[in-house]
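Novice: Modelling step: build the complete structure from the supplied sequences, incorporating the hints.
Chains as they are written, first to last, in the working numbering: chain A, 15 to 320; chain B, 10 to 305.
Derived by calculation from the structure, the hints in this document are not laboratory data. All of these numbers come straight from a predicted model, not from anything done at the bench. One or more hints might be untrue.
Stated by the list, open to error - Distance ranges between label pairs, derived from CB positions:
| no. | chain 1 | residue 1 | chain 2 | residue 2 | range |
| --- | --- | --- | --- | --- | --- |
| 1 | B | 263 | A | 24 | 42 to 52 Å |
| 2 | A | 142 | B | 69 | 41 to 51 Å |
| 3 | B | 249 | A | 22 | 42 to 52 Å |
| 4 | B | 121 | A | 96 | 33 to 43 Å |
| 5 | A | 23 | B | 77 | 31 to 41 Å |
| 6 | A | 96 | B | 77 | 33 to 43 Å |
| 7 | B | 206 | A | 107 | 48 to 58 Å |
| 8 | B | 83 | A | 26 | 34 to 44 Å |
As the list claims (entries may be wrong) - Result set (SDA-like, lysine to any residue): computed pairs, CA atoms no more than 25 Å apart in a straight line:
| no. | chain 1 | residue 1 | chain 2 | residue 2 |
| --- | --- | --- | --- | --- |
| 9 | A | 93 | B | 205 |
| 10 | A | 225 | A | 242 |
| 11 | B | 191 | B | 205 |
| 12 | A | 88 | A | 35 |
| 13 | A | 137 | B | 29 |
| 14 | B | 39 | A | 145 |
| 15 | A | 93 | B | 161 |
Backbone N, C-alpha and C fix where the C-beta goes; we use that ideal spot for every residue, glycine too.
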Amino acid sequence: MGTYTIRRCLLLIPVLFAISLLTFVLVHVTPGDAAQIIAGQEVTDVFLARLRSEMRLDKPLVLQYTLYIQDLFKGDLGKSYRTHRPVLEEIGFAFPATITLTAAAMCISILVGLFVGIVSAVKHNSFLDNLVRSVLLVSVSMPVFWTGLLLMYFFSVRLQLLPSTGRGGIEYLILPALTLSTYSTALLARTTRSAMLDVIREDFITVARAKGLSNLTVILKHVLRNALIPIVTMAGVNTGILLGGAILAETVFAWPGMGRLLVESLHTRDVPMIQGCVMISAGIFVLVNLCVDVVVTWLNPQVKYG
Amino acid sequence: MDDNMMGIALPRERDGSALRQRLRRLWSMKITVLCSTVIVVLAASAILAPFIAPHDPNEQRLLMRLTPPSKEWLFGTDQFGRDMLSRVIYGSRLSLVAGVVSVSIGLIFGIPLGLTAGYFGGIWDEVIMRCMDILLSFPYLLLAIAIVSALGPGLFNSMMAIGIWTMPVYCRLVRSSVLSVKERDYITAAHATGTGHVRILVAHVLPNVLGPIIVLSTLRIADAILAIASLGFLGLGVQPPSPEWGTMLSNSRLYIELAPHTLVFPGLAILLTVLAFNILGDSLRDYLDPRLRKLM
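Specialist: Here it is as structure tokens:
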């Protein structure tokens with residue numbers, strides 16, 4: 015178990031390198047002269063040349079990458095082209111907002127998703143189950159930003175119950191978190207339902223019932239415990255969906271997080287910022303998946319620690 | 010529709026009489042038929058857009074800005090007085106084409122990579138699958154966004170981005186299927202008769218994977234349409250004035266108080282399209298191979 019965890023952690027290093035390389039290449043093949051974009055049209059060639067060397071654009075791509083990685087180890091992600099402040103500092107401001115939002119959405123999706131999934135599985139093939147399945151199917155087909163706009167319309171514009179944009183107290187968090195959580199809640203509920211149904215059909219559940227255990231004990235202690243693996247695996251997938259979906263939810267509600275920072279940087283072609291945001295999101299996602307893998311092996315004695 | 014047209018013996022369920030089973034099966038057929046109809050209607054409206062759209066989707070009438078739905082303007086008009094109904098109809102062109110093309114890009118690259126990785130194994134397999142792992146280690150949509158940021162916004166670039174984002178899923182699916190048939194006797198027999206690698210892959214291995222590929226493609230078209238709309242909403246996809254559903258919604262956000270009708274119809278169009286592909290994919294999976302439920 016211990017060695018397995020260590021091995022998985024070591025395997026993380028090449029993955030992170032590859033992510034940084036891919037991001038670097040993607041961001042740097044952008045057509046057009048980055049120096050020109052920052053400086054604008056009305057500048058002298060001398061100034062442009064100085065800017066280029068400052069931005070290391072005059073060096074070969076391989077050297078640029080090497081220097082970038084060197085800086086990365088020092089915790090330096092470069093400076094934003096737009097605000098001229100360190101990328102890490104800018105992301106540091108936006109990061110808590112994104113984490114609050116995704117964590118809130120994660121909580122909603124786990125609470126609601128598990129509950130709905132369990133109820134739906136227990137009441138298999140009932141009217142309630144069919145209703146839940148239809149609602150879930152609609153939820154996974156809804157564009158995140160449309161859900162957000164509809165919620166914003168009903169709760170902010172019509173009922174004027176909740177603020178539509180910005181960040182502040184808990185009332186600002188409700189709509190964005192609900193919006194972001196719909197898709198992952200539906201996915202988690204579907205996974206929970208089908209995982210529970212697989213286990214419910216097993217013989218040991220019949221035995222547990224025959225022993226005279228109460229329905230609730232059977233469901234929570236025997237069925238859910240054995241259905242946990244796919245559910246936990248899904249939580250890892252959901253992290254990715256939440257991190258990506260946050261970009262959309264933040265744009266709808268003008269939530270000052272990393273997603274909005276990324277979209278603004280994309281529009282202004284702020285290369286170091288784009289790179290920083292993408293790297294950090296991917297890094298978090300990879301780390302969460304590592305945790306999920308470790309938890310799954312811990313839950314499942316059958317998986318070989320290979 | 011005859012409920013036994015597929016000739017598949019249904020597993021007997023613990024609860025429910027035979028009649029209920031038949032009813033349920035009929036219901037599932039009905040919903041499949043309904044979804045196929047929706048998709049056909051969408052495709053038809055995409056093809057026939059110039060004939061069925063009541064107005065030019067890009068014609069601006071500044072005196073008619075943000076008119077609510079009426080007899081003349083069934084879906085109302087947008088902030089430039091353009092007819093929303095016509096724009097939604099033309100939008101189905103963009104979304105369907107983008108969905109199908111981006112999934113095809115994923116197919117074209119993903120299938121050969123998965124086939125050869127599974128079939129030849131060894132270092133080639135290792136290299137390809139590690140590359141796919143890297144592509145899969147980006148959160149949802151982020152890889153597509155990064156690619157679009159490199160290529161620049163636009164329809165073609167978004168389709169490329171979503172295609173590349175789809176590719177690893179195909180690659181993994183095909184590879185795992187190849188691994189499961191590789192050691193079968195008929196493959197060995199094909200080898201023994203001197204059949205070449207390419208022919209074995211195309212004629213003997215590929216047909217085994219077709220079912221899952223069809224199911225996956227239907228579901229992925231739904232995802233791709235959502236992703237295209239999302240990129241459009243962020244201003245990274247199809248550029249204005251092209252009538253794209255996601256782009257239309259990003260404008261309607263600005264007029265949410267003045268003209269809420271502008272946010273209803275494009276969103277509804279996306280939802281209906283994606284829902285139809287999702288349900289069709291689900292039913293196809295249950296017909297073709299219920300075991301796939303675990304994979305997708």
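Novice: Next step is simple, just say for each hint if it's right about the structure.
Specialist: Here's how the hints hold up against the structure:
Checked against the hint of 42 to 52 Å, the pair residue 263(B) and residue 24(A) passes, with Cβ atoms roughly 49 Å apart. Taking the beta carbon of each, residue 142(A) and residue 69(B) are about 50 Å apart, inside 41 to 51 Å as hinted. At roughly 46 Å, the beta carbons of residue 249(B) and residue 22(A) sit within the given window of 42 to 52 Å. Between residue 121(B) and residue 96(A), the C-beta spacing of about 42 Å keeps the proposed range 33 to 43 Å intact.
For the hinted restraint 31 to 41 Å between residue 23(A) and residue 77(B), the CB-CB distance of approximately 58 Å leaves it violated. Residue 96(A) and residue 77(B) have their C-beta atoms about 39 Å apart, which keeps the hinted 33 to 43 Å range intact. A beta carbon spacing of about 55 Å between residue 206(B) and residue 107(A) agrees with the range 48 to 58 Å that was offered as a hint. For the pair residue 83(B) and residue 26(A), the supplied restraint of 34 to 44 Å is violated, since their beta-carbon distance comes to about 55 Å.
The suggested pairing of residue 93(A) with residue 205(B) is violated, with an alpha-carbon distance near 55 Å, which exceeds 25 Å. Taking the CA atoms of residue 225(A) and residue 242(A), the gap is about 23 Å. The hint holds against a cut of 25 Å. Straight-line distance between C-alpha atoms of residue 191(B) and residue 205(B) comes to about 14 Å, which keeps the hinted pair within the 25 Å bound. Restraint check for residue 88(A) and residue 35(A): satisfied, since their Cα atoms lie roughly 17 Å apart, inside the 25 Å limit.
Between residue 137(A) and residue 29(B), the direct Cα distance comes to roughly 17 Å. Compliance with the 25 Å bound is thereby established for this hinted pair. Restraint check for residue 39(B) and residue 145(A): satisfied, since their Cα atoms lie roughly 17 Å apart, inside the 25 Å limit. A C-alpha spacing of about 22 Å is found between residue 93(A) and residue 161(B), which places the hinted pair at or below 25 Å, so the restraint holds.
In this structure, the earlier hints numbered 5, 8 and 9 are contradicted, and the remaining ones agree with it.
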